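Enquirer: Each chain, letter by letter, is given below.
There are 2 protein chains.
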Amino acid sequence: MCFSAAATCTVRKTDYAFEVTNQTVNIKFSVLQDLQNLGAQNVCLMTDKNLSRLAPVKAVLDSLSKTGVRYKVYDNVRVEPTDTSFKEAILFAKNGSFDVFVAVGGGSVIDTCKAANLYASHPDADFLDFVNAPIGKGKPITRALKPLIAVPTTAGTGSETTGVAIFDFEPLKAKTGIASRAIRPTLGIVDPVHTLSMPERVAANSGFDVLCHALESYTALPYNQRTPCPHDPIARPAYQGSNPISDVWSRHALHMVAKYMKRAVRDPEDLEARSSMHLASVFAGIGFGNAGVHLCHGMSYPISGNVKTHSAKGYSVEHPLVPHGLSVVLTSPAVFSFTAPMCPERHLEAAEILGADMRQVKRQDAGAVLADTLRHFLFDLQVEDGLGAVGYSKDDIPALVKGTIPQERVTRLCPREHTEDDLSQLFEASMKIY
Amino acid sequence: MCFSAAATCTVRKTDYAFEVTNQTVNIKFSVLQDLQNLGAQNVCLMTDKNLSRLAPVKAVLDSLSKTGVRYKVYDNVRVEPTDTSFKEAILFAKNGSFDVFVAVGGGSVIDTCKAANLYASHPDADFLDFVNAPIGKGKPITRALKPLIAVPTTAGTGSETTGVAIFDFEPLKAKTGIASRAIRPTLGIVDPVHTLSMPERVAANSGFDVLCHALESYTALPYNQRTPCPHDPIARPAYQGSNPISDVWSRHALHMVAKYMKRAVRDPEDLEARSSMHLASVFAGIGFGNAGVHLCHGMSYPISGNVKTHSAKGYSVEHPLVPHGLSVVLTSPAVFSFTAPMCPERHLEAAEILGADMRQVKRQDAGAVLADTLRHFLFDLQVEDGLGAVGYSKDDIPALVKGTIPQERVTRLCPREHTEDDLSQLFEASMKIY
Ligand SMILES: NC(=O)c1ccc[n+]([C@@H]2O[C@H](COP(=O)([O-])OP(=O)(O)OC[C@H]3O[C@@H](n4cnc5c(N)ncnc54)[C@H](O)[C@@H]3O)[C@@H](O)[C@H]2O)c1
Ligand SMILES: NC(=O)c1ccc[n+]([C@@H]2O[C@H](COP(=O)([O-])OP(=O)(O)OC[C@H]3O[C@@H](n4cnc5c(N)ncnc54)[C@H](O)[C@@H]3O)[C@@H](O)[C@H]2O)c1
Ligand SMILES: [Fe+2]
Ligand SMILES: [Fe+2]
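Protein chains in written order, with our numbering: chain A, 1 to 434; chain B, 1 to 434.
Same shape as in the complex, but just chain A (with noise of 0.2 angstroms):
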C-alpha cells in the first residue's frame, strides 16, 4: 500500500526546525528506512485494537515481514490510558529487549509508547519515581531512551512533538502524567493519509483538542512573569509561559482550525482540511509542549478520571469515557470568559480568528465575546451540551475541584490567579453551555 501524501512532514528531535520530506511519500517505505537508519534489529510496534485493524498499522506490519527486521506488536493499549495500562504496556516493553519503538495511533498509544520505552530503560524504577509532583516524585530522567517513531493518526494531540505522556490514575480519579524532554519521540512521521479513516466524533474530539492547545498556550502566563525564575536554564520546566516563539505556532494553528475544521469533521474525504488539520495538531503541539496549556487541560483531568457512565459515541472502547477533546472542551466557554481580563488583546484576537464579528467590541466584552464564539463553535459541531450532558451534576463538583488541585503544573500557567471556590464556579458554569 502506498500513501500519496499530501503534506507528509517528519519532525526530527535533533533538527525540529521541521525535516519536510519530498514528492510522493510511500509510508511503509518511509518508516522502513528510518529504521534501517537507526539501525534496528527488533522493533516493538505498539498500536491499540480498533487500529490494528486499519490501514495505518497493515501497511507498516506488511512492510516490516517483508524486511528481515524482528518486531513485535503490542496492541493492547487502552484508549485513554491508565496506570494499570501503562503498567502493562512497560511490562512489554521490558521483556522485549526492543531497540526501536514505533508508535501507531492517536495520544493513547504514543503515549503509552513513551512510557514503556522510559521504564523499559529504566528497569528498576519504580512506575511513581518520573511521575509529576506531587502525584509522583517528578524525578529527572538520567538514562537514555531508545529511539521512538511516533506516527499520528489523530489531528489531536500533537504528542509526536511533546515530550508528555498522560494517564490516568485511578487511585486519585484524574490524570497525570510524566513531562521530559526525554520522552519526545525520535521523529514523527505525519502524514494526513492516516487521518482519513478518523470516526467523526473523534475528528471533533482531537480537534478540540487542538483548538485549546492552541488557545491556552496563546493566553498562558507569559515567560518573563512565571516564577520562581530557575537561575539556571538547565532548571527551565518544560512549560515556560507564552512566548513570542509559541505565539507563532499557536496563532497560527488557531488559524487553521478556524478555516478548516468544521471541513474536517464533516467530510472525511477532503484530503485539504484533513491534511491542515493534521498539521494544525503539530503547530499546537509545539505551541503548547513550550508554552504550557492552563485551566481547561487543568480541570479536564478530574472530568475524565471521574467517569461513570458516558459512553463515546464513535470510540470503539467497552468502558465509559469522556474522550479527552471533549473533557477539554467544555468548559472552555467558562474558562475564558474568567482568563480574558488580564490579556483582553489576546482574548479578543482569538475571538475574531475564530470567525466572531468585532465591530463596537470592546476590550472590556474580551471574555464574554471568545465564550460566545467557542459556544456557537460547539454547538455547530454538535458537541454535549456542557458537563450535565456527560454525567455530571452539581454534586460532582468539589471531586472535580479536589482532582483538578494537584494539576498545578499547568494550572500555574493560568494568566490568572484562582482560588479552589473559582474553580467550583468554572465547573458550575459548565454544566450547561448553551
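The hints are simulated quantities; they were obtained by calculation from the structure and are not laboratory data.
Careful, some of the hints might be misleading.
Claimed, not checked - FRET-style restraints, in silico, Cβ to Cβ:
(1) K262(B) <-> G388(A): 48 to 58 angstroms
(2) D270(B) <-> E408(A): 34 to 44 angstroms
(3) R53(B) <-> R143(A): 38 to 48 angstroms
(4) R359(A) <-> A55(B): 40 to 50 angstroms
(5) S97(B) <-> T67(A): 36 to 46 angstroms
(6) E352(A) <-> Q360(B): 21 to 31 angstroms
(7) D232(B) <-> K72(A): 21 to 31 angstroms
(8) R416(B) <-> E408(A): 53 to 63 angstroms
(9) Q225(B) <-> V317(A): 36 to 46 angstroms
Said to hold, decoys possible - Taking lysine-lysine pairs in the DSBU-like style, the calculated list, with each CA pair at most 35 angstroms apart, reads:
(10) K262(A) <-> K362(B)
(11) K362(B) <-> K259(A)
(12) K139(A) <-> K66(B)
(13) K66(A) <-> K139(B)
(14) K262(A) <-> K58(A)
(15) K262(B) <-> K259(A)
(16) K259(B) <-> K262(A)
(17) K262(B) <-> K362(A)
(18) K259(B) <-> K259(A)
(19) K362(A) <-> K259(B)
(20) K259(A) <-> K49(A)
Note that this is a predicted model, so its numbers are computed, not measured.
Here a beta-carbon is modelled for each residue, glycine too, at the ideal position from N, C-alpha and C.
Assemble the complex: chain A is given as a structure, and chain B with the ligands must be docked to it using the hints.
Expert: Relative to chain A, chain B with the ligands alone:
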C-alpha cells in the same frame, strides 16, 4: 553588567522548539551557566576586532575571567570571511584543544567559529573536503563536533539557527560555504540588547538579509517539486524547498520586517523594534534554513566576491566590501519580477505584507507590484542605487554570471528555470534600481 532582555530566547539544537528564558536575564550569568552545564574547561571565544571592544564581548570576557574556566580569545575574524581568514581561525582552534566554542558577533563571527570547530574536530581533513560541491568535495561530516554557543549581535543572518558557514573563496572570487546540520550551533543566545550598538548601515544591511531570507524561502521551489527525490530521508539536502512549516516562519518574519525594520534602522534606541528584528532574523533563519534561498543569494555571492573598491559605510573594516545583506537585496526587484509568474499569489501576498496598495492589482502584475514595493522600501532606507553604485558596470556581468553558476545548491531552488542569459539580464536590470 546586566542586560534586562525584552525577549531573550535560547535556541537549542536538541530542542528546537525554542526554549525561552525566564524574566530578566544576565547574559554573563546565562552564558556561564550554559558553559558549566556543558562541562566546559577550555573555552574558545571568537569575535571580530570591532566587537572585541563592545559591550557583549566585554560582558562575556568579564565574567569568564572571574571564574576558573580557562579560555582564549580569537578576535581576528574577518568581516565577510575568506578561505584565508577561515584557515587562520581553524589553525587557532586546532592549536587550542578547546572543548567549547563561543561565538559573539554577526554572521561573519558565527560562520568562522563553525568552520573552526569543524576542522579542529577533523584535523586531517583537507580544507575543501567539506566545502559545498562543485567548488569543494561536499563530503559528509561524520565525527562529532564540540558544542558551540552562538550569540548573534546583528539582526541578520540567522546563522545561530543554521548549519551553514559562508566564506569568500578567493581563487574564484565568489562566496561558497559549508552546509551540514552537524555544524549548527548547539545553542543560540538571542538577546536583543546585543544589537543596540549596531551602526545604522549594519542594521540596514543585516535587516535586508532577513528580508531576503524570508522572501526567497517563501517563494522557493515547493518541497514536493524538488528533484531528485531521495529514496532515503537521510539523503535529503538541508535546503528542501518551501513547505508548510518553513512558510509559517518565513511569512511571520516578513510581517515583522514590514512592521519594524524602518524603526529599527532609524532609531538604535528603539528596543521594541530592534528586539523584533532580532527575533525576525531567527525566524527567517529557521525558514530559509529548511526551505533554502534562491537567486538573490546565488547572485550575491559573486557580487561580494568581485568587489573592487567599494567601502562599506559603518563597517569598521579596511578592505573593500559589499556587505552581504546589501549584495543580496540589490537584485531583489529584478529577481522577484522574474520569479513572480511561477507563484504569483505568494508574490502578491509578500507585496501586501510589505504595504503595497492591492486595490485593482491583477495576478499578472505580481512581479511588478512586488518589485516596486521593494524599490520603495529600499529607497526609504537609503540604499545605494543598484550594482552601479557599488562599483559594477555592464562589463562585469560575464564575471558575475560566471560566479553564479557554481551556486546551484541555492539557485536550483529558484521556482523558475533560468539560463545564463536570464542571469545576465537580471544583473543588468539591477545596475540601477530607482
Ligand atoms: N502527550 C501529549 O502531549 C498529549 C496531549 C493531549 C492529549 N493527550 C492524551 O492523548 C489521549 C487522547 O488521544 P487522541 O485524542 O489522539 O485519541 P486516542 O488515541 O485516545 O484515540 C481515540 C479513538 O480513535 C481511534 N482512532 C485513532 N486514530 C484513528 C484513525 N485514523 N482511524 C480510525 N480510528 C482511529 C482509536 O482507536 C480510539 O478508539 C488522551 O489520553 C490524552 O490525555 C496527550
Ligand atoms: N550562516 C548563514 O546561515 C548565513 C546567512 C546569511 C549570511 N551569512 C554570512 O554572514 C556574514 C554577514 O554577517 P552579518 O550581516 O551578521 O554582519 P558581520 O558579522 O559581517 O558584521 C558586520 C559589521 O558589523 C559589526 N557589528 C556586528 N554586530 C555589531 C554590534 N552589535 N554593534 C556594533 N557593531 C557590530 C561587525 O564588527 C562588522 O564590522 C556574511 O559573510 C554572510 O555571507 C551567513
Ligand atoms: Fe490536550
Ligand atoms: Fe543571507
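Enquirer: None of the hints should be skipped; say for each whether it holds.
Expert: Structure-based check of each hint:
no., hint, in the structure
1, K262(B) <-> G388(A): 48 to 58 angstroms, "55 angstroms, holds"
2, D270(B) <-> E408(A): 34 to 44 angstroms, "39 angstroms, holds"
3, R53(B) <-> R143(A): 38 to 48 angstroms, "46 angstroms, holds"
4, R359(A) <-> A55(B): 40 to 50 angstroms, "48 angstroms, holds"
5, S97(B) <-> T67(A): 36 to 46 angstroms, "44 angstroms, holds"
6, E352(A) <-> Q360(B): 21 to 31 angstroms, "27 angstroms, holds"
7, D232(B) <-> K72(A): 21 to 31 angstroms, "25 angstroms, holds"
8, R416(B) <-> E408(A): 53 to 63 angstroms, "55 angstroms, holds"
9, Q225(B) <-> V317(A): 36 to 46 angstroms, "43 angstroms, holds"
10, K262(A) <-> K362(B), "31 angstroms, holds"
11, K362(B) <-> K259(A), "25 angstroms, holds"
12, K139(A) <-> K66(B), "33 angstroms, holds"
13, K66(A) <-> K139(B), "33 angstroms, holds"
14, K262(A) <-> K58(A), "29 angstroms, holds"
15, K262(B) <-> K259(A), "33 angstroms, holds"
16, K259(B) <-> K262(A), "33 angstroms, holds"
17, K262(B) <-> K362(A), "31 angstroms, holds"
18, K259(B) <-> K259(A), "25 angstroms, holds"
19, K362(A) <-> K259(B), "25 angstroms, holds"
20, K259(A) <-> K49(A), "33 angstroms, holds"
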